[in-house]
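Here is what each chain is made of, one letter per residue.
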Amino acid sequence: MPALVALMVVTLLPTIYLVIVSLTPLDLARPETHWDFSDPLGQYRTVLNDERLHNSFWVQAKLSFWSVALQVLLGFLFALLLNVNSRVLLALRTVFLIPMVLPPIVVAIIWKVLYTPDISPLHWATEAMGFVVPSLITDPDWALTAIIVADVWEWFPFVMLMVLASLQMMPSEYVEAAKVDGASVLQLTFYVTLPYLKGVLLVAALFRLVDSIKAFPLIYILTDGGPGTVTEVTNFYSFIQAFNFSYLGYSSAITVVLVIVTILLSWAIIRLVGWGQRVD
Amino acid sequence: MSTAISGTLTAARLHRRTLLRSALVGSAAAAVGLRAPAVLGQAKKFAGVTLQGASFASTFFGYLQNYIPEFEEETGMKVNFVTNAFPVFNQRTDLELSTQGSALDVINVTFIYSGRWIGAGWVENLKPFVEDPNLTPDDWDASDFVGGTMASLQDANGDAHGFPWEAGAMIMAAARADLLDQKGLALPTTFDELMNVCEMTKGMERVAPFTADKLHHWNWIPYLMGMGGTVFKDPPANLTPTWDTPEAAKAADFYGKLLSEYGPPGVLSFTDDQSMQSQKTGRANIRTQAITWMVPLSKDPDSRVADKVRYGPVPAGPAGSFPGSNSHGFGIPVGSKNKEAAWEFIKWAVGKDITLRMLEEHGYPSVCRRSIIDSELFKETLTLNGQDVASLYLETLELGGKSGYMKYRTVPQFPQVGDKINKAIEKVATGQADGATAMAQAQEEAVADLKKSGVQIDG
Chain A
1 MPALVALMVV
11 TLLPTIYLVI
21 VSLTPLDLAR
31 PETHWDFSDP
41 LGQYRTVLND
51 ERLHNSFWVQ
61 AKLSFWSVAL
71 QVLLGFLFAL
81 LLNVNSRVLL
91 ALRTVFLIPM
101 VLPPIVVAII
111 WKVLYTPDIS
121 PLHWATEAMG
131 FVVPSLITDP
141 DWALTAIIVA
151 DVWEWFPFVM
161 LMVLASLQMM
171 PSEYVEAAKV
181 DGASVLQLTF
191 YVTLPYLKGV
201 LLVAALFRLV
211 DSIKAFPLIY
221 ILTDGGPGTV
231 TEVTNFYSFI
241 QAFNFSYLGY
251 SSAITVVLVI
261 VTILLSWAII
271 RLVGWGQRVD
Chain B
1 MSTAISGTLT
11 AARLHRRTLL
21 RSALVGSAAA
31 AVGLRAPAVL
41 GQAKKFAGVT
51 LQGASFASTF
61 FGYLQNYIPE
71 FEEETGMKVN
81 FVTNAFPVFN
91 QRTDLELSTQ
101 GSALDVINVT
111 FIYSGRWIGA
121 GWVENLKPFV
131 EDPNLTPDDW
141 DASDFVGGTM
151 ASLQDANGDA
161 HGFPWEAGAM
171 IMAAARADLL
181 DQKGLALPTT
191 FDELMNVCEM
201 TKGMERVAPF
211 TADKLHHWNW
221 IPYLMGMGGT
231 VFKDPPANLT
241 PTWDTPEAAK
251 AADFYGKLLS
261 EYGPPGVLSF
271 TDDQSMQSQK
281 TGRANIRTQA
291 ITWMVPLSKD
301 PDSRVADKVR
311 YGPVPAGPAG
321 SFPGSNSHGF
331 GIPVGSKNKE
341 AAWEFIKWAV
351 GKDITLRMLE
361 EHGYPSVCRR
371 SIIDSELFKE
381 TLTLNGQDVA
391 SLYLETLELG
401 GKSGYMKYRT
411 VPQFPQVGDK
421 INKAIEKVAT
431 GQADGATAMA
441 QAQEEAVADL
451 KKSGVQIDG
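These protein sequences, in sequence, are chains A and B.
For the first sequence, position 243 matches number 243 in the working numbering, and the numbering has no gaps at all.
For the second sequence, position 123 matches number 123 in the working numbering, and the numbering has no gaps at all.
Read the hints as simulated data drawn from the structure, not as lab findings.
There's no promise every hint is true.
Computed cross-link-like contacts, SDA-like style, restricted to lysine to any residue with a CA-CA straight-line distance of at most 25 angstroms [claimed, not checked]:
| no. | chain 1 | residue 1 | chain 2 | residue 2 |
| --- | --- | --- | --- | --- |
| 1 | B | Lys451 | A | Leu18 |
| 2 | B | Lys451 | A | Ser38 |
| 3 | A | Lys112 | B | Gln91 |
| 4 | A | Lys112 | B | Lys451 |
| 5 | A | Lys62 | B | Ala433 |
Can you build the whole structure from these sequences, using the hints too?
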């Protein structure tokens, strides 16, 4: 019972407060909007008509899809490569984990330097080779890709770590039996390793999906949502509404919608793929 | 110039400066002298107090940091003054003020937030502090601040809620004027000439012809007004945005072209400081911005363009010249627990002595005190590469004050409206939309936002 109360206080009450605020037009600069429930669905109607918000959902979808897909793919491949008993590779594992343990702001600053033409070694190098690369974070065709690349760099080690841990526990009989049957390396990977890792890959992807929806520092530091609204994801838009304009009521409504979408999405994916079913 | 002549001139300048400084500070020193026993009696009055201050980053605070140890020594208080990028500071302070918290004791009252913060009662009325002889000596002289710089810091009754440290007057600086000379071009005085100069100097010595920072809702407005457009119909009475007009579209296309075709790589992500650096290092040429960011081009020891920079007024459009002007001042949050200490700091930071030292030692140009602006020292300090930049500064300040075209900027809803302008200009500059489309969309979004704030919109 005490645990239940603690859980309620820590998680449920703030969420309930968020829902309550979303039913008001709370604007910090207008005291009369505090606890004004005269039009409880007003903010949600605005959500339906706000094209910039709808665009942010689309940006979010693109960012989440590509960053999660690439993180899972790279994480899986690197885990396979590093799943060998070798001192060098053991040391390499640690190196690969560095991006993940860096504070997100530090990661953002590293990429800001890399993406700023005047001070970027990346730009110097490409220029020395005779290519002129545009400023990626201010180019509408590249800005979102630039964010995705940085996000993948930061988080693919997380997937790698989970997969590697799972691979270490994989019974060697599976592989040996397949080898006896004459399976090639590709066949081993697709018919033995991948089915074995399906559960852990799903969990890792879900974690990354939820985290990608919370993407903030990279966007805040690198692009500020721009150019225009090319990299403006939903939680960043919600942040602007709350902290640049003081529209806390509207920002809360956006956040409630975002929470619902995240829960539904996670549920759908789990249903679709099947939660952690082991294929033996 | 020979060493002998140079030496004579330097000596003469020093002599004049010493005299002027003595004259200006003399009265203050005398007053301090008369009050000496009281002051001595209150020595270290603020011992144990830690004053928390915040502002957006500016050259002013870089210079002020040099003097803060003296202030701490004199008063006994410790000053913890933090500066952030412009939007970061505004976000944080807006939230802090809205909660009426006590985390901050002294803040910058940002020009575009002044209407909102003062109107909502979040910033202390400083009139009682100014009028209390125990807190403020007569010779501090609150009336010495130029009227125009005080306007945004006063409430409807004319009471001051802040005192300015910066009077921003927008001018134009060509960091590599030598490139214009090579082509036989003069400093541009009109929009057409500006575009022509950029085109003619494009690609020369790998110098970008134009540069700017990403605060388009400040930088772009002179181009909007120069084309005959406005931000609102009739601010502050009628805040209906007027951006779905041919003038606004033309101005957006014009400015978008300056950024996209003539700006350095990544210009759309430039902060004020980055933009200034692009000029100081000679990588970019022309910029139209507040004088605070322009004078370091010729004054800072690390500037590589000190002998090449040339100044002029912001070019005029078909409808005239509308250089931006503003002011930022120190205020005290109502939730502060150290209001007297905060006032002591404000008095000191915008007092005659510090203002004068900043002018003399760093060439800080955005002076708000009339007694100093009128001085020979000001004119002399702002004679840069033989150009009378002081007059340029005063003309701009007066222009903004006279016709009131800057009123759009202090309406409480400007922060959210300005965001729409920033986004629209980014879209135009990156080719995502043309001026007409981007501005019409921005107009639609701004109207929706203004309605959300309870503002009546025409139509």
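Verification of the hints:
no., hint, in the structure
1, B:Lys451 <-> A:Leu18, "holds, 23 angstroms"
2, B:Lys451 <-> A:Ser38, "holds, 16 angstroms"
3, A:Lys112 <-> B:Gln91, "holds, 21 angstroms"
4, A:Lys112 <-> B:Lys451, "violated, 37 angstroms"
5, A:Lys62 <-> B:Ala433, "holds, 21 angstroms"
Violated hint for the displayed structure: number 4, the only one.
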